[in-house]
Structures are given as structure tokens and as C-alpha cells.
Amino acid sequence: MNDSLLKPLNDLETGERGVVRQLRGGREFTSRVATLGFTPGVEVTVVQNYGRGPILVTVRDTHIALGRGEALKVLVEVL
Amino acid sequence: MSKTEASLTIALAGQPNVGKSTVFNMLTGLNQHVGNWPGKTVEQKMGEFIHDEQVIRLVDLPGTYSLTANSEEERITRDFIIHEQPDVIVVIVGAPALERNLYLLAELLMMPVPLVVGVNMMDVAESNGVHIETHVLAAALGMPVEPLVASRNQGVHELLDAAIRMAENPTAFAPKRPAIRPEHRPVLADIKAQLAGQVPPPYPEDWVALKLLEGDTEITALIQNATQQAWGNIHTILLQHEDAYLDIAGGRYEWIGRIIRAAIMRPKPGAITLTDRVDRVATHPARGLLLLIGIFGLVFWLTYTLAMPVVSWLNQALMEPLSGWLRQVLFGAPAWLSGLVVDGIIGGAGTVLTFLPILVVFFAALGFLEDVGYMARSAYVTDRFMHWMGLHGKSFIPLFLGFGCNVPAVMGARIIEDRRACLLTILLTPLVPCTGRLAVLTFLAPAFFGRAAMFVTWGLVAFNLVVLALVGIAVHRLAFKDEHIAFIMEIPLYHLPNARTIGLFVWHNTLAFIRKAGSIIVIVSVIVWALSWLPNGDMESGLLATMGRGLEPVGRWMGLGDWRLIVALLTSFVAKENTIATLGILFGANSAVTGLAAQVAGVLTRPAALAFLVVQMTFIPCAATLAVIKQETGAWKYAIFNVGLLLVISLSAGVIMYQIARLF
Numbered sequence: 001m002n003d004s005l006l007k008p009l010n011d012l013e014t015g016e017r018g019v020v021r022q023l024r025g026g027r028e029f030t031s032r033v034a035t036l037g038f039t040p041g042v043e044v045t046v047v048q049n050y051g052r053g054p055i056l057v058t059v060r061d062t063h064i065a066l067g068r069g070e071a072l073k074v075l076v077e078v079l
Numbered sequence: 001m002s003k004t005e006a007s008l009t010i011a012l013a014g015q016p017n018v019g020k021s022t023v024f025n026m027l028t029g030l031n032q033h034v035g036n037w038p039g040k041t042v043e044q045k046m047g048e049f050i051h052d053e054q055v056i057r058l059v060d061l062p063g064t065y066s067l068t069a070n071s072e073e074e075r076i077t078r079d080f081i082i083h084e085q086p087d088v089i090v091v092i093v094g095a096p097a098l099e100r101n102l103y104l105l106a107e108l109l110m111m112p113v114p115l116v117v118g119v120n121m122m123d124v125a126e127s128n129g130v131h132i133e134t135h136v137l138a139a140a141l142g143m144p145v146e147p148l149v150a151s152r153n154q155g156v157h158e159l160l161d162a163a164i165r166m167a168e169n170p171t172a173f174a175p176k177r178p179a180i181r182p183e184h185r186p187v188l189a190d191i192k193a194q195l196a197g198q199v200p201p202p203y204p205e206d207w208v209a210l211k212l213l214e215g216d217t218e219i220t221a222l223i224q225n226a227t228q229q230a231w232g233n234i235h236t237i238l239l240q241h242e243d244a245y246l247d248i249a250g251g252r253y254e255w256i257g258r259i260i261r262a263a264i265m266r267p268k269p270g271a272i273t274l275t276d277r278v279d280r281v282a283t284h285p286a287r288g289l290l291l292l293i294g295i296f297g298l299v300f301w302l303t304y305t306l307a308m309p310v311v312s313w314l315n316q317a318l319m320e321p322l323s324g325w326l327r328q329v330l331f332g333a334p335a336w337l338s339g340l341v342v343d344g345i346i347g348g349a350g351t352v353l354t355f356l357p358i359l360v361v362f363f364a365a366l367g368f369l370e371d372v373g374y375m376a377r378s379a380y381v382t383d384r385f386m387h388w389m390g391l392h393g394k395s396f397i398p399l400f401l402g403f404g405c406n407v408p409a410v411m412g413a414r415i416i417e418d419r420r421a422c423l424l425t426i427l428l429t430p431l432v433p434c435t436g437r438l439a440v441l442t443f444l445a446p447a448f449f450g451r452a453a454m455f456v457t458w459g460l461v462a463f464n465l466v467v468l469a470l471v472g473i474a475v476h477r478l479a480f481k482d483e484h485i486a487f488i489m490e491i492p493l494y495h496l497p498n499a500r501t502i503g504l505f506v507w508h509n510t511l512a513f514i515r516k517a518g519s520i521i522v523i524v525s526v527i528v529w530a531l532s533w534l535p536n537g538d539m540e541s542g543l544l545a546t547m548g549r550g551l552e553p554v555g556r557w558m559g560l561g562d563w564r565l566i567v568a569l570l571t572s573f574v575a576k577e578n579t580i581a582t583l584g585i586l587f588g589a590n591s592a593v594t595g596l597a598a599q600v601a602g603v604l605t606r607p608a609a610l611a612f613l614v615v616q617m618t619f620i621p622c623a624a625t626l627a628v629i630k631q632e633t634g635a636w637k638y639a640i641f642n643v644g645l646l647l648v649i650s651l652s653a654g655v656i657m658y659q660i661a662r663l664f
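Each protein sequence line maps, in turn, to chains H and X.
Mapping to this note's numbering: the first sequence position 28 is 28, numbers consecutive.
Mapping to this note's numbering: the second sequence position 286 is 286, numbers consecutive.
Hints listed in this document are in silico derivations from the structure and should not be mistaken for laboratory results.
Being a predicted model, the structure only gives us computed values, none of them experimental.
Honestly, I wouldn't trust all of these hints.
For lysine-lysine, the following BS3-like pairs were computed, each having C-alpha atoms within a straight-line distance of at most 30 Å [what the hints assert, rightly or not]:
| hint | chain 1 | residue 1 | chain 2 | residue 2 |
| --- | --- | --- | --- | --- |
| 1 | X | LYS268 | H | LYS7 |
| 2 | X | LYS45 | X | LYS630 |
| 3 | X | LYS637 | X | LYS481 |
| 4 | X | LYS630 | X | LYS481 |
| 5 | H | LYS73 | X | LYS481 |
| 6 | X | LYS40 | X | LYS637 |
Chain X with its partners taken away, still in its complex shape:
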């Protein structure tokens, strides 16, 4: 067994919304690797930490409500437990929804791995009038149960100690297991008799028998292949008990009811909690929508108010002195080297990096809304509107994330269970204007439109959203034939935000952006600069100019007769922010960034400026977004279709906008 150096592997399991990732973050800090489960589009988080001189590997299993084969997350969780057999599983349950959260524990108890339980959010439960005696629960379950307030790091170490003790002495694990209802016991015994000795290892026989009775498709297929004659008999038994699965689920809840009866004190029915009071506004069809629009506006106002001064400070205090200093250092060097470094790398990738503060503030705001529990409400409130596009409220969450960066937004579409709804959400995501495009917009619009800039900016954002809705409705009507998609979603309790959780959310999302800027954007900045410089060492006659001039006839339909603008649009394929970087290079790098917008405005009429911004806002997805579209959908055809669709949309929108604007 090569389990690296780790002496113990602990898996974290739990239903969604129990604060499992808070526990994970508390234990691993920044020492975590976030990736995908092999061959799957489900996030995999692993981390290592040292406890009492022992290296411990912590695996964060996907949040799942049960262990059926209904979703990818559930299959991954049970496959990991059965095939990798961690030393111990720490099951996190939430105190406010103890009964429902214990359902997963009832399923995990059939697995061949010892368990310990952490009851998280004890403080939230108390504030809702729910009191839990964890030692009573421990006695009823026959296993260690620790109270937790993970967000304040209370109880996490006690839980870890309990887990390690359990892992070191697994034979001490003798829990009470849920039994099936009496009327199904003979059937289960029959199935087990038929199975005897034929279940392929490492699958536990009892568990396989139960899953067969539950009608689990994956286990059914497994046993059908593994058994020869016996399958006929098993199949006959199963056909006679086709709805046993509802009784089994009901039986698990009855068992849970008996376990928690003595351990929990609930408030009188009808008590009004804080969550209920806030939700009278937040989930109300009209008030909730107003609140959402307000929050939406606030996030943008906050993002640009806080981040814009930092962006201009970075430009003036860092980028400009850096360029000047590099120019001096490279004074004796060949002209091409100085051009490459100062105009290519600093003028290109450097400019893009100065937009980082915008992204950080936006992700922090979104991480905050997610952590306090608001994002689920936004899904609930927008559900009605998303139905026009054949989507449901859950699609709103990744689309909103798209305003920061389309890359995590495409990956965020994973939360949508239905494959077609997920594909449509991914298809629509590039129409959400990301930070890169908004940066270009807010950079150029004031120079183009003066006082009307604010109006034009909001108008163009609204235009993108209208196009998004129209494309969604069209795809739903034409391709999906109005098919209904189920909306079932847990709405978590509101709770206080945790700085660490939000910090890590910002960290992971920003890091992805920096990596992109550090690799793709640097390379493309250099290529753009080289294409503009070659073959004569002069931009006016460079390769890029030739390419841009070739496309001028197309550009002229929308008033863009200047090849430099066409090239700027083309290079936005690499990264949306590159439009500014390219303009910076092509309009002469000596001008300070502040002067650039005015220079560009100088070569454009107002209708043409409008057309330029419309095309820029709806242009084809950037390279990084296309790469994740391919990764998430598993096929290039969706990525290519997306490019074609947006090319048609952006060019026709540009031409129409120019021709209409010219009339005024």
C-alpha cells in the first residue's frame, strides 16, 4: 500500500450544509489540494496535517444526502469507502437538522469502516431553541459523538482525538445498527442466502443485499454479472418487493427517531426563528426579488468602489515606475528585448494583473453571501424566471459567479443534477460579462461617452442578460422541447460567516486567475507583441497589422475601420482583459494607461464605439473558459458550438447596433 507518508487516512463525510468544509479547512488550512475525482467532474479535496507527530491524510468526501447511486457524488463517496477503506470516517452532522443529517449515518453504518460523529453548529441549534445532549446520543449510537462549533474551532481537536483513537483500535467499534422493518426481514434473509459467497470482494455482503432490495441500479448490475444461476431467483424476489425502498427509507427514519428521542429537546412547535423572520423578506416573490436586486447592486458598487482606487494605485505606483525602471535597465540592450519586456510582458500581462483587486473583492462578497446561506435563497427567488429557459433556480448560482470569472462559473454548473440543464447553463455562462469584460467596459466607456458612460455601461450589461435569456428560451423551446426539470433544494439556516471559509474561497478562485495570467496571458502578450513587431520591427507594417487590415472590410460594417481595434477584439480570445493590453501595445506603449482610453476614443465615432463595446461584451469565450467547457461537458463539440453561437451573436449585434446608432 502506498499511502504516501501518511500513517492514517481519515475521510470526512456529511450531508450538504453541515459545515463539513469548515472542519476540513480548520484542520488542513492552506495545506490542501483541490482537484477532481479521477475521471469525474466532482471536486476532490484532500489535505495533510500533523497531529501528535503523526502525518494524517484527510479526504473530504462530496456532500451527499444518502448512499444511493442516484448521483455522481453518492457513487464517489461509497466507491471511495468500499475500495480505499479509510482508517476511520468522521461523519459531520448539523445540530439544527440532526434527524435528517443522521440519515447518511444510518447508511454509513452498513459500511466496513469505523465511524465517529461530530455534531456541528451546536451554537446555531441553541439559538433556535434546539438542545442536544451529545453523550446521550453517543450512548444510543454506541460510538463516539463530539459537539462542535467548527466556525469557532470548538471541539475540532476533541473530535480528531476520538477519530485517531478509533482508527488505532478499530475492533472497539461496536455501534447499534439500523435494522430493517420486521416485514422485510425474511426477504432480506432470502436474498442473502442466494448471494452467499458470490459477492465480489471488497463489497460487504449485507450491504449488497440491502442495496439490491432498495433497487440500486449499480449494485443490481454488479450482482447480475457476478452471479450466474442465483440471479434468476434473486430477480424474482426483487420483482415482488419493488417498493421496498420507501419502507427502507422510512425504517431508517424510525430508527433515527428512536436514537435521538432522549438526546434532543426541541422548541415548541410554531416558534419563529431568525431564519423564518429574514426569509419573510428574502424568499418572498416580490420583496425577495427586490432584495436580490439590491444585494446584486451592492456587490457591484462595493467591488468597484473598493477595488478601483487600488487598481489605479497599482498602475501609478507600481506598473509605471516598473516600466520606467526596466526601460532604463535595458537601455543598452537590443530594442526588441526592451520592447518584449516592457511593452509585451509588463504592458500585457502586467496590466491584466492590476485588475486582481476587483476579482478579490467580488469573490469575497460572493463567498460571504454563500457562507451566510443567502445563495440558496437567490436560487429560490429566481427559480420562476429560470423556468422560462427550462432551467431552475440552482442555475442562477453559477451564472452569478460568472460576473467574477466564467471559468469557475462553468465548473459551478456541476451543482445542477439534470444533464441537459447543466449543459444549457454552461452554454449560457459566457454571456455573463466577467470581470475582464467589465474592466474593459469601465475603462473605455468614460472616455467614449463622458457623462453618459454610467448609462451605457449598465445598458450593455443589461443587453448581455437579455441576450442570455433569449438564447436560453430559444434552446429550451427548440432543442429541449419544453421538458420539465425537477427543482428540489435544501434551504439552509442563516448563520454567521466564517472568515476562514470565505478567505479560502477567495484564495482558490484568485489563485486560478493568477495562474491563468501567469501562463496563458503572458504567452499571448508576448505573441501579440511579437506579431505586431515582426518582421520589420515596426508595428504599422507588422504581421498583426496585416491581419487586422485584412479584416477591416468586416469591421467597417460596424464602423471599426481601424485594424488595431479588430486585433484588440481578436486577442480577447486569450483573455478578455487582453483587449486593453493589446490596445496598450498597439496605441503606443509610452502613453500612460490613463491616456490610452482617450487615445482610442479619438479614432472612433460614437456609434462605432458603441458597436465595439457590444462586440467586446458578447464575443467568443476566452481560451480558459473554452478549456473548462470541454473538461466539464466531456466533448469539444459543446465548446465549438459555443464559439460559433457567440461569434454570430456578437457580430450581428455589433452591426445592428452601429447601423441603428448611426441614424441618431
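One chain only, chain H, in its complex shape:
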């Protein structure tokens, strides 16, 4: 897969879906979000993204709020 197709999660608009392909950032961050279900290959839906403030996504049937800085480190392939 071409890396240029990957977008950070906070570039997705409300209602858009994507598949997590890569996690950036330190080990503590990546292991925390992986535990919460953001492992490569999982599908996520952006429930809310108003361009500022934290974004709200669903992953594995749960709602997770992510700060914009955190969402930037989750790279997805848009569906």
C-alpha cells in the first residue's frame, strides 16, 4: 500500500470511515491506543470532527474522544 494514501485521523470529516494502518508517537501512547482497540487493520468511524477541539470516533463498538494532537498520530486509509 502507498503511504501517501494515509491520512491522520483528524483529517477525516464527521461520518467518514477509515482503516487504521499506522500509529505514530512514543511507545506509551501507541500501546495505550492499541489497548483501546486502535490496532492496525481496525475500522474506525469519525462521529464528530468540528475542525477544533477533540474528535470523537467509534472503534470496536466504543466511543473514544481523542485530542487533536493524539488523532494526528493515528494514520488511516480512508474508506
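Assemble the complex: chain H is given as a structure, and chain X must be docked to it using the hints.
Then chain X, alone, in the frame of chain H:
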């Protein structure tokens, strides 16, 4: 082994938001001890109950998403399981988020303790179109799985029976365990070969090997110390597989996917749930904020509308007759004894206790909002604003709790993972006006300002919040250098509130307040009375008057030339409500409480009254709050810094307010 009288120890484990405490409360009721894990600032809940003539000890483990060493809660959970080895662990998972909740189970399956599973909130899942066949799940996992609706006490006893059967016959526990992905199996086998016989008991060898591969810092340090030559080899292997942990997490989710495939029926993708509909308003940046302000206002309106009549009723129907009766009973006794009991204890601690209804209603409202799932939304909506102070939304929750009492608010700051954000939240908490201060404010403001009282009251609350924001921004800029703090938070589904959960929330918080009133506040009421009475048996020439008069020059800068007002402020250090109690004692205890406010208003000009209220609202934290600040931060320096900071803020605010108000 001294496990008290309990014949069985059952541990409750589960991720946050699965209703684990509802199960705990159902089983233990009021027979629970809430404290801290030894040496930690994590809440420990234990309880005992009798089931079929057997005494069972129930340990509520902290809610955790996994068993890494990333947080204190996770370390406590795994340490307890490894070192204390409970007879059985009851794992609570939530039906609406089954897949994610089973992640913890996948980790617990590597522990040397038998497990049973309770799938809670079956009703919530059904209403969201999720259907779960628990017997299919049980077959796939190879262990007992019971469906639960804990809030309605459905399935709890079946689950308990299953747990006890398992504890009595642990050899029957033969579950399917998650296997690591094929590409990592040789590596894991290598590590295990290197470890053979060198893992210090009681750590399970397989688990240690897996945790090493996951890069667990605590286990890595443990093995580095325990093994001599082997560590070099292990370390080399680990360096070549540094990102194995993501594959291991992914592998666990693949395993979970296979386990639940046949057991779960989901709604069509894109179905709109009730939670989604409510959240279109509740988490919207503008509408959500309006809703939050509305809810905030409603909580206060409800608190004071419901509680104030009870407070005045308590004063008129209970405290005043009690004082009168005691005065009669003690008629023949020495004057000092009657003074001590009636003016000191009843006038002091008694007055404070009459504010209890305010606290009960406030905590009930907050417990309700927490239980239905709203508090997480309030954190989400306020996140943007909290970032100005270098905090994130989670800090809003303890700060809001501070309006009830600063003591649980300081302890509530534990939910913030980042140490510096947690410290800053604690530092800011005393600027949230608690019930005690609000009681003083609402008691005095009408007498001071008449019709404008409402305006002044809200103005002063707003003033506190503005100061809080300014201090937060300043600390963030100056001390923390704008460092970014991660915001990652689960937003639970809305669900119906459970009366028992809310009741226990109110009970624990109120009990803490009563204990405080029963101990610290009684003692200080007596001391204040004694200081005012000694040495001549006359308040005008008492020790307290001398002290207050000594401080009059400072007071005069803000128009407070009356020593009694200064003393009232000083005694608020013991408990904020004491300001009223002290005024009650110093302005002559014979006057009914209703007359007191008018009497105080009589000695103050309006600018001075304003200054008095400003100082009162921003004055140093009370003794109990300082004690928990020390306890939570682990050092007196933070508590002392807090006192210094608030002393500067309150005195300068008082002086400035007085000097400005005098111009009009």
C-alpha cells in the same frame, strides 16, 4: 494465611464503564470499606458478605483497560492477582462494547487464577440492537459466562454461584487461551528457554516471557535483576523485536474476534442509537456548551431550592429549641459550661451540620450525572477551554465536584494520568467555591446587598472561576512551558441511572463531611469559643479579640476594621462554614441565626462587605483540604505553596475590590 474469617476471596476485575461497581454495590451494600491501596493514591474497595453461610471477601480491583505497567491502576491489579492470588476472579465485561472489554480478559487468562465472566448491561446492548448469546460465548471461551443486568440485580446471584463453584474446584478451569501470532512464536520460545528456572516466584513464567516481549518496563527491570548471564541474551532478542507489542495487541483482538464471531449479532452499520442522537447536542461544541451551562445552573438551582427550606427548618425546628433546652438544663451549671456547650459546640459545629442538606442534594445531582454517563461528555465539551490552562477535559470533572466539597475534588484529580496536569488540577481546586463558602455567601449576601444579592453572589462565583483560569494559564505558561498533554478518554453509552449507585455516592461523600464536622469542626468550635472567652470570661477582652485587633491595621486596607470579621476569616481555615459559626459566637449567641446576618451587615459599609466576601471566597484552603493535598501529592510543599498563593490572591483581591468599590 490470615484472610480474616473469610473462607473465600473473590476479586472483581473489569475495564472502566462496565458497571463493575454496580455489581460490587449489589453484593456488599453498605458493608464495604473504602480506602486506598497501601501507599498508593488509588481507591481500594473491599467488602464482605454472606452467601450460603459462607463469609466471602470481595475485592474490587481498579478499573483497567489492560495489564500493562502504564498506570498505577494496572500495576495494582496485576500485583494483587500475582501476590495475593484470590480464589477466583470475576471478570465483568459490558455487552455493548464486548469486543473491547474482552481485551482485559485476554490478558487475565495468562494469570494463574481461575476466572468466570459476567456480561453486564445486556439490556443496554439489546436496546442498541446488539444481541449476545452468552452460552455460545461460554463454549468458545471454555469458562462460565453469565448474562447480567446488574442495575436491576438480574444474574448477579447466578454469577456468584458460578464463581463459588469455580473457586471450590479450580482444577476444572480449562479455558481457551489466546495464542501469540505464528511469526512471534519462535521468539517467545527463545525467551522462555533463556528464562527457564530463573523467574522469581510467584511470577508465572509464560506471562513474564510475554510481558518481556511486550516491552513491559516493570517486568524488564525485574528480570534484569533476577537473571545474571541470561539477561544479555534476552536483551539481544528483545532489541530485535521492539515493536512486537503492537502485534501482540493486534493478535489479542484477532483472537477475540474469533471467540465472539458466533456469539454476537450486531445491528446494520450506520444504525443511529439513542446515545448518538443525544450526543448530537451533548457533545456539540456550541450546543453542548449551552447544555452544560444549563445543567450546571439546574444543579445549583435544584440544590438551593430543595435544600434551603430544609436548612432553615433544621435551624428553627431543631437547633434553636435544642439551644434553649440545653440552656435550661445547664442553668445551675457554671457559666463557662453552658457557654461551651451552647455557644461553642451547638453554635459552631451544629450550625455547620445544618448545611448538610445542601451537600446531599448536590452530591445526588452529581452522582446522577455521573451514573447516566453525562460527566464524560462534560469533559469532552470543556476540553478546548481546559487546554488554555494546559489541562484537558478530564480535569473538569474533579473541579466541578469541588463545588460540593474541595476534599473529594482533590482526591478526584487522580483520574488524570499526567502527573503535572494532576498537580495543577489539585492546585486550582481550592479556587472552586465549595458548599461551605457558598453557604456563607448566600447567608450574608442578602443582608449585605438586599435585592442586588443575587447579582453579587453570581458575580463572586464568576470572579473565583476567572481567577482560577488566570492562575491556570499563568502556571501553564511559566512553569510547564506550554507542554502538550494527551487527551484520550472513553465516552460511555448513556444508560438509566441506578438508585443504589447514586445513593452510595451520596453516602460516602456525605459521611466524609459528617466525620469532618464531628471531629475537626467540633474541636475548632470549642477552641474558638475558648479563645474568645479566656482569660476573663468576656469576649471583648478575650485572647481572640486581642489577636483580631492586632490584625486590624491589615483589615483596614479593605475596610474590615472590626476584629470580629478578621477572626471569622481566620477560623475559616478550619472549615469554610466556620465563618458563620464564629460570627455567631462573636456577635452574641443569643440572637437567632436569622438575625445574625443583619447584625453583621450593620457593622460593614457596602465596599467593606464586598471585600469581606471576596476574601472569604478566595481564602486559604481549609485544614481538611490541605491534608488531602498533602496526601495526594505526597509532599507538604504543594500544600504550603497553595496556602501562600491563595493568601496573596485573597488579600490583594480584597484590598483592590474595597478601594475600587469605595470610588462609587
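Hints and how they fare:
no.: 1; hint: X/LYS268 to H/LYS7; verdict: holds (26 Å)
no.: 2; hint: X/LYS45 to X/LYS630; verdict: holds (22 Å)
no.: 3; hint: X/LYS637 to X/LYS481; verdict: holds (21 Å)
no.: 4; hint: X/LYS630 to X/LYS481; verdict: holds (25 Å)
no.: 5; hint: H/LYS73 to X/LYS481; verdict: holds (22 Å)
no.: 6; hint: X/LYS40 to X/LYS637; verdict: holds (19 Å)
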